[in-house]
Every structure is written in C-alpha cells, then in structure tokens.
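Engineer: Each chain is listed here by its residues.
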Amino acid sequence: MITININGKEIKLEKSVTVLEAAKAAGIKIPTLCWHEQLGQYGGCRLCLVEIEKIPKLQTACTLMVTEGMVIRTETEQTAEARRGMLEFLLINHPLDCPICDKAGECELQDLVEKYGAISGRFREKKRKIPESFADPLIVRNMERCVMCTRCVRMCEGVQGASAIGVIDRGGHSHIEPFSGGRYDCEYCGNCISVCPVGAIMSRMHKHSYRPWQVTGKTETICPYCGVGCTLVLQVRDNTIKRVIPRIGSPVNNGLLCSRGRFGYEFVGSKERLTTPLIRKNGVLEEATWEEAISLVANKLSDIKAKSGSDAIAGIASPRCTNEDNYVFQKFMRTTIGTNNIDSTARMGFAGAQAFMENIFGQGATANIISGLANSDTVLVVGGDPTTANPIFGLQVRACSRKGGNILTVGQMKGLEYFNPVKADPFLYTEEVLLEGIVTALIGKKGLPGANLTLEAKIKDINTSLDDVEKKCGVPAKELARFVDILAASATPALLIGKEIVQSSGASYKLLLLSAINYLANGRIYLLSERSNEQGLLDMGCAPDLLPGYRPVASAEFRKRYETLWDTKLNEKTGLTIFEMMDAASRGSLKALYVMGENPAFNLPNSSAAATALRNLEFLVVQDIFLTETAKLADVVLPALSWAEKDGTFTNMERRIQRVRKAVNRGGMEDWRIISDISKNMGVKLNYADTEKVFHEIAAVSPLHRNLTYEDIEDGHAIYPYKGEPLRDVMEEILTSKGKAARSTGKLYLRIERPLFHSGTLSTKAPALVKIYSRAVARISAETAASLSLDEGDIVRITTKAGAIELPVSIDKAADSSTVMLTNNFEGQGAYSLMEYTIDPVTKTPVLEGVEAKIVKMTGT
Amino acid sequence: MFNETVLKEIKQISGKYPTTRAALLPALYVAQREFGHLGADAYEAVSDVLGVPKAIARGVGTFYAMYKHKPMGRHIVQLCTNVSCMILGAEKLSDFLKNKYGLEPGGITPDGRFSLVIMECIGACGTAPAMLVNDDFYENLTEKYIEEILEKYK
Ligand code: SF4
Ligand code: SF4
Ligand code: SF4
Ligand code: FES
Ligand code: FES
Chain A
1 MITININGKE
11 IKLEKSVTVL
21 EAAKAAGIKI
31 PTLCWHEQLG
41 QYGGCRLCLV
51 EIEKIPKLQT
61 ACTLMVTEGM
71 VIRTETEQTA
81 EARRGMLEFL
91 LINHPLDCPI
101 CDKAGECELQ
111 DLVEKYGAIS
121 GRFREKKRKI
131 PESFADPLIV
141 RNMERCVMCT
151 RCVRMCEGVQ
161 GASAIGVIDR
171 GGHSHIEPFS
181 GGRYDCEYCG
191 NCISVCPVGA
201 IMSRMHKHSY
211 RPWQVTGKTE
221 TICPYCGVGC
231 TLVLQVRDNT
241 IKRVIPRIGS
251 PVNNGLLCSR
261 GRFGYEFVGS
271 KERLTTPLIR
281 KNGVLEEATW
291 EEAISLVANK
301 LSDIKAKSGS
311 DAIAGIASPR
321 CTNEDNYVFQ
331 KFMRTTIGTN
341 NIDSTARMGF
351 AGAQAFMENI
361 FGQGATANII
371 SGLANSDTVL
381 VVGGDPTTAN
391 PIFGLQVRAC
401 SRKGGNILTV
411 GQMKGLEYFN
421 PVKADPFLYT
431 EEVLLEGIVT
441 ALIGKKGLPG
451 ANLTLEAKIK
461 DINTSLDDVE
471 KKCGVPAKEL
481 ARFVDILAAS
491 ATPALLIGKE
501 IVQSSGASYK
511 LLLLSAINYL
521 ANGRIYLLSE
531 RSNEQGLLDM
541 GCAPDLLPGY
551 RPVASAEFRK
561 RYETLWDTKL
571 NEKTGLTIFE
581 MMDAASRGSL
591 KALYVMGENP
601 AFNLPNSSAA
611 ATALRNLEFL
621 VVQDIFLTET
631 AKLADVVLPA
641 LSWAEKDGTF
651 TNMERRIQRV
661 RKAVNRGGME
671 DWRIISDISK
681 NMGVKLNYAD
691 TEKVFHEIAA
701 VSPLHRNLTY
711 EDIEDGHAIY
721 PYKGEPLRDV
731 MEEILTSKGK
741 AARSTGKLYL
751 RIERPLFHSG
761 TLSTKAPALV
771 KIYSRAVARI
781 SAETAASLSL
791 DEGDIVRITT
801 KAGAIELPVS
811 IDKAADSSTV
821 MLTNNFEGQG
831 AYSLMEYTID
841 PVTKTPVLEG
851 VEAKIVKMTG
861 T
Chain B
1 MFNETVLKEI
11 KQISGKYPTT
21 RAALLPALYV
31 AQREFGHLGA
41 DAYEAVSDVL
51 GVPKAIARGV
61 GTFYAMYKHK
71 PMGRHIVQLC
81 TNVSCMILGA
91 EKLSDFLKNK
101 YGLEPGGITP
111 DGRFSLVIME
121 CIGACGTAPA
131 MLVNDDFYEN
141 LTEKYIEEIL
151 EKYK
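Quick mapping for you: the protein sequence lines, in order, are chains A and B. For the first sequence, our numbering begins at 1 and goes up steadily by one. For the second sequence, our numbering begins at 1 and goes up steadily by one.
Isolated chain A (complex conformation) (with noise of 0.2 Å):
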C-alpha cells in the first residue's frame, strides 16, 4: 500500500502508477496534450506539469510513477506559469483561425489556452506557413495547426498498426505526412483523425459542414458493415448523419474503427434510395402505392401457395438485417406460407463451417471473445486475411504479435507482413497436402489426447510428412517443422479461419484437419464474418433445418414445441438452400422468391445463371434499399428502411446481442412490419406493436435467448449462451470428402479479392469509400504483367467458362503468378459472374475453386 497526498488530500493505492493516474483516480484533473488514453504517455507536450516536494523541478504526471509519502500539488501559481510558458511556445506557430476550423468546440488547445493563457505572445517571428493539404480525398492536413503531440503518429503505428504516417524532417520544420508527402494510401481507418487535440487532421466529409454544437442528435448503434459489430456513435443534424465516431469504452471495438464503419454511413442519405413500392406493369417497374403492392404480394403468394403448395415459395433473408426482421421473416416462410424454404448467404461459407464446426466441438464453439485474442500465445490464420475481412478484429491478432504472441499464417496475409508471421504459404490448391502436414507432426509430437475419439478415429491414419509437404506445396521442411513447433509449444492458441477455405474444393475434409489442428493444440476458433448479423439470422432459424435456437427441423420434438408456442402446424420437410432455391427455380418447381436485403442476382457465384434463373421464377419479391441487380428483375420490389433508421438487434461473430438503434427519421417500414402486413393480407397475424415485442417473442420461443429483454443487451454485454441453454451436444457422425487439388501450371486461376474498403456493394453507395477505391481491377502478378505485356491501368478482357469482364489491370509485385485477383463489389464487374460452382457434398458452400481465367489485353481503349 502506496500512501500519496495530491493537493491535501490523502490518497491510498494498491501499486505504484503515474501521478496523473493517481490524480484522475482522485478525482483531481491535471491538463494533458501528448497523452492519450488509449496511447498512454510520451512526455512531449510538458502540460502536466506538477509540483513535487523535495524535487526542485517540476515533474510530467504523465511519466512520473509515484512512490510512498509523495506530496504532489497539481495547481500552483508555478505550475500555471509553467503551463501558461508551454502554451505561448505552442502558439509561437499555431495559427489563430479557430472561427474557421472545423475543430474548435472541441479542440483540446483551445480549452487550454482558455483555461491558462497565455494572452498574448512575445515572439515577433512570422508564424510558420505551410499550406493545407488536400491532396488526400478524405483527410486534410492543416500543419500550422500541427502540436506535434505525435498522437497520431503513436496510433497509426502503435494501435492500428499501419504506420502509414510519420514525424518528417526536424525541429521546427517538423510536421506529420503519410509517405508519398501528399495521398495517404494507408487503411483509412481515421483513427488518427479521433486522437489528434487540434484540427491538425480532419476528415474531408464534415469540413465546414457544422460545428460540434450543433449537433443534434447522437445514437449508439452497431456498425452495418461487418461481423465484429463495433460500436458506432451517429452524430445527426438536421436528421442526415453527419459523423460517425467510435466511443471509448465501448464493447468489442473499444474507440476505434475501421474505414467502413468511420467513413461508410452516406448510403443512408443517398438519393438512389428507393422511395416507393415498384410493381412490374408491362415489363416495367413502375412506381405504386404500398396498399396496392402489399395485396399484390399476398394474393399472389396466396394463388402459388393454393396452386402450387407451400415447397413452391422460398424465402431469402438478410445478413444485413436484425435479429427482428429475420425472425418474423422466418416465421412468415414457416407459418403464413408452410414451408422450410428459408436460407441466406450465409451458406456460401459460415453457416456449413459453424455447423462442421460446432458438431465435433459443441454448440457455440465458435463463440469466443474477440478481445481475448491479444492476449493468445499464438494465432493461426488461415483462409484470408483478418485485417481486411474483419479490421477491427484484426488490430487483435496485431496487438498479439506486438505483446510477444506469435502469428502463423497459410497463405499471403498482406495486412500482417509487419507484425512478424511465421509463413507457410503453400501452392495455390495444396491446402489440404500442407494442413494433412502439419496434423501429421502434431500427432506426432503431442500423441492423440484421447478426449474426442470419434474425431481421433477420423484423423489417426493420416501420415504426410514434412517432405511430402515441402514435395507437394513448396513450403521447405524446415520452416513447416518450426511452424509445428510453435503450434506444439503453446499453451493458448487460436485459430481464425477465413472464407475462402470454406469455399474450397473438398471443404469438408480441410475443416477436418483444422479441427483436428484445433484439437490437438487445444485451441479456440474464431471464424470471420463479413456481414453484420451472419450470426444472427442463424441464432433466428433463417436456414432450411433449423428452427430459431438451431433446433432441428426434423426433430418431431423440436417442431412440435413451435407449433404449441406459434400455434400452427408445420412443415416436416427441410427446405431448400439457397443454391437448391437457384436450380428450382431455373427447373420450374420453384415459383415464387422473397428475397430481404439480399442480392443474389449479383452476390451467389455464377451470378449471371442465378438471374437467368431468377427470370424463371412466377413471382419474385425484392425488398431493399436500393434497385440491386435483383430488385430489377423483381415482380414487385418493396422500399426498406436502412440499418440507421430503425430499432433492433444485430449479434455478432462473437455472439453478443447488441442494440441497433434508430438515429434517423424517415417514412416508411421496417422490414418486419412490412411482412407483418402482408401476412395479414394473407390472412395470418403475425402482428406485434413495435420492435421490442418482436424481441419479446424471440426470447420466449428460442431456448437460447430465455428471457432475454431489450435491457439485459443495454450495455452490449448480453454474449452466448445469452440467457438459455445451447443444445446437448449430440455428437453426429464426422462427414467428410476430399477435395481434388486443380491446378496445373502454366495457367491462371481467378480468385476473390476482399477489400478492406468494401463490403458487398452497400459500400460502393458510400461516396468516401468509394473515393478511397473507386473501381474493380484485375490484380495481377508483375511476372503475369510481363509475360502478357500489361502495364498497370491497361484493359484486358477475363474471360472464363461462366463469361466474360472488361477491367483495368493492376499490377502486384507480391501477387502469386498462377492468379488473378477480382473483387465482388462493383455493379456488373462482379467476379462472381464468372465462376461456375459445384457444392461441397457435406457443408453444401459453394467450391470456387480452380476456375480457369484467360486474360488478352485489349487495344484501341
């Protein structure tokens, strides 16, 4: 016990910590510049100054540690003066503009030099000039504001980890710049932007736009974009969003974001929005009333049903959606409409993985605290990159590596190069070979534990050993068995496993030997999730055998207690996938789709195929916020209310339940209410008074969310099991095939690029995001640039057996030479057009593999 006296008052503490620490736990509050919360300390502004008995000077608070029988005095007519002498050497070059900068209300110097002086400065030299920076289309440098409190500095390097920007240059010409001296090309994150006191950097998107105090309006919510669910602050005037800004403290992302979640918001205002319900009049959208459309609907869903029977309609649901839409959305396919056809896109890869997954280990394997991964001795990756599927969970395996947790990584991770990866970056498709590799030693040097014998059954024969490997996938012997060794060695693994291994050939059987690598480290998954509420729509039985709570749809048990709690009969028959949903339709036996904040015209691989047999369909349903490739080919498209102006919840790939909440107004429904009303029109209520009673009913019909309120999720905290009880883990038979390795050399294979700026096309409605990464390339290798003679901007034609694009190259000196890289984001440059699929027998996701590209350069464009 530490016994300290602060300005008079006594104070105890348990160990030795800063004296500003000490102070603020006091309650006593000593001015800061340079140091920050979530940077700590530096030492550099000399703001906190404070007196100390028996020490001549004064001391930093901020650096200073106490020790027993110190007496501190925090405000003295020195330490004033003191303070007063810091801020007139500040202002030696500080401009005074603050009626025209966009950071004064809250600008850290400002209060200061409010607070303590100085009132006029004694230096006659001119004020450094240096012009504002707009080269960058997000972020303006203004350098006379600059304090050079090296926040900014100390997070993009020692938080975000991208250590784009830096001090250039010395003494008084010190300022701060990205590399290139003008655009920033770094991550966007903006995190920088949050920690700078001044208005030394600022984002683009609310210069001059509003000051601090005139916002209105601010609502917690949880970001629209990915898994993660970070927290979100909406700061509203004039009902449009005006900023978005992370909180300190908060759940999950604890103030920070990512580019998305930052600078992603303007799609809520855009003016491509949908406004009213559209029906097909003559082969043409045309606007109508929601009356007439909501009839429309129901009568004609009632005609297919009455003609056709209840298996004929299937219903899409929404990863983008909450917790409450897709449940009642559910419910609607299963009691107003009688059938199991309900999926999402969540089977192109997290459904099959978590259900693979959760069947040898239990239900909510999967479910493991994101903050806990930085404190993990180890993290093995595999399957794509997590710093850009998943930012913000990314920064975790980031922070692991800077305490000393080592990174193992299969495959190129770009987004971790700097934070010391142990590679085992094997030939494109030999995956399995490397994985059977790493099993193998793993047996061989922990023995089989004997816990899970079904799963041991299953992995004991596999023999691959390290030269097979170095043999087949080019990974050298040597540096697989130290990658071995480190897996062996720790005592707190994880395992991240990414998309793109879901969606490889033989899926099932790579899940296997990650289990078993999983198993035989004694590990913890995590599986990243590029949608916001992938997880929920799952926990609400959006799936074609599972009712909401995962329990099964062929368990007469299970189905007979919904049919109590829902008062209706259901269907015993598992429904369709949404793949099986495309092959009826194009067959004829599917008739009509409801499709909610989904795209599968654009976002199901072979996408063209899928709209063809979209077009087959009787009656196709599309209820959006924008005219999507689907919404366009729909028989009546409904107008939804986006994330930002609605209640509800999201639950995310950690399985917490968070509150979405409504920060903005505007005319119309929620997605619930609109199929609430249709069911009525059909002749089922499925009726509830607001958002919250939807959540009501979840928590009483699903045994996961026992009584689950709306206040018991307030504080972000509700996580899995929530309140009720996973299901007794009965343990199935493991399933499995193996996949055939594609690739011949020589030639090229297209790959799904995932961008840290985009998520679906939802982001490419955001302006910003879009000005960061304005448009679909073929990235390609510098040894494929050679060999075809490209240059980087040239137009080449990808041409594959699904079709053709047109798209400018670019070209990546560490891009692997048998690929080529296309994302999935921009309007008819989809690299899901031209990828044909198979399905895995077992997870039923879709094998992107092994599709053959050509590339020919085009001339005269």
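Simulated from the structure, these hints should not be mistaken for lab results. We put the CB at the ideal spot given by N, CA and C, even for glycine. Be a bit skeptical, because a hint or two may be false.
Stated by the list, open to error - Under 8 Å between C-beta atoms, here's a sample of chain A residues computed to sit facing chain B: (1) 163; (2) 166; (3) 168; (4) 169; (5) 170; (6) 178.
Here the structure of chain A is known, so what remains is to put chain B with the ligands in place on it, guided by the hints.
Structural biologist: Just chain B with the ligands, lined up with the frame of chain A:
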C-alpha cells in the same frame, strides 16, 4: 530495388543489430550510396529489405541532416564561407563556381557532375579559404587552383 550484392550487404548489417529497426541508419547509408540520395525509391527499397514500414524509414531518414535528401552531383564540393574563409575571399570563390560551372550554393551542375554545399567552419581557418571535394581536403584556394582541382573529378 537493390541488386543481390547490396541485399546481402544490408542483411549482413541488419544481423549485427537486435532489431531490424535498429539497422535503419546504416541501411539508409547504403541506400544513399546506391540511389545517390534518399528519395521515395530508396526508402521503399530499405523498407522492403528490412521489413520496416516505409513511412517510418522516411521519418528516421528525414530527421538527420547528414543524409542527402535530394539528388546530388557525382562529386560534392563543400565550400566554407565562415569568418576566416569569408575574409580571405570565399564568397568570391562561390561566385566563381556559379559563373564558371553554373554551380549555385545548394545546387547541382546541369551535367550532374558537381553539387555545392556551403559549410560553416571546417577547421582550416589557418589555411583559409578551404573546401572539401568528396572526402578530399583542399586549402589556400584561388580561382585557378579550384579549376585545377575540379579537373581531377570527372
Ligand atoms: S487513417 Fe488510419 S491508417 Fe491512415 S494514417 Fe490515420 S491512423 Fe494511419
Ligand atoms: S497532427 Fe494532430 S495528433 Fe498528429 S502530432 Fe499534430 S497535433 Fe498531434
Ligand atoms: S470492423 Fe467491421 S464492424 Fe467494425 S467498424 Fe469495421 S466494418 Fe464495422
Ligand atoms: S501529457 Fe504529460 S507531457 Fe504531455
Ligand atoms: S572559417 Fe573556413 S575553415 Fe574555419
């Protein structure tokens, strides 16, 4: 990018330090030798070899005045114009360099042969005026003597 020999040289330097960041200063000297000065290419090349982010390499490099931060001639003339040298006519010599070679203080000859850096006292006051060409030292300068000296540097 560096050639194989240079890569090896930097790797070797880096091996002597506990972290790759610690090897930045000597690696930047090598890059300066290879590229002539520290510009974007040089920083990127060093960043690639050492695995240190390029913005950090640049931050470190620009802190030090002793690196060359812009393109320099093949030979660097460092002429002193401090008190003793000035009194003995260094400023006239500077004018001479400008008129005869087109070499201005801080500048470079159009053919890229020489750069001129004006120095503060280089410790040769007794034999002023004085200058350095690369690492060679010359004193008691006159216009004619300078002409002779510069002939040796092609
Ligand atoms: S936006 Fe992010 S990545 Fe870019 S400079 Fe700022 S902190 Fe670094
Ligand atoms: S730009 Fe802002 S955060 Fe960065 S050093 Fe200057 S004042 Fe500090
Ligand atoms: S990491 Fe995901 S949830 Fe968080 S801000 Fe970025 S896109 Fe949104
Ligand atoms: S806050 Fe202590 S020196 Fe800046
Ligand atoms: S003044 Fe020129 S060498 Fe001293």
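Engineer: The structure should be examined with respect to each hint, and the outcome stated for every one.
Structural biologist: These are the hints, each one checked on the structure:
Restraint check, residue 163 of chain A versus chain B: the minimum CB separation of about 3 Å is within 8 Å; hint holds. Evaluation of the residue 166 of chain A hint against chain B yields a held restraint, the C-beta minimum of about 3 Å falling below 8 Å. Annotation: interface hint on residue 168 of chain A holds; nearest CB of chain B at approximately 5 Å, less than 8 Å. At its closest, the beta carbon of residue 169 of chain A sits 5 Å from a beta carbon of chain B; the interface hint therefore holds under the 8 Å criterion.
Checking residue 170 of chain A against chain B by beta carbon gives a least distance of about 5 Å; that is within 8 Å, so the hint holds. Proximity of residue 178 of chain A to chain B holds as hinted, the smallest CB-CB distance being about 6 Å (cut-off 8 Å).
Of the numbered hints stated above, none is contradicted by the structure.
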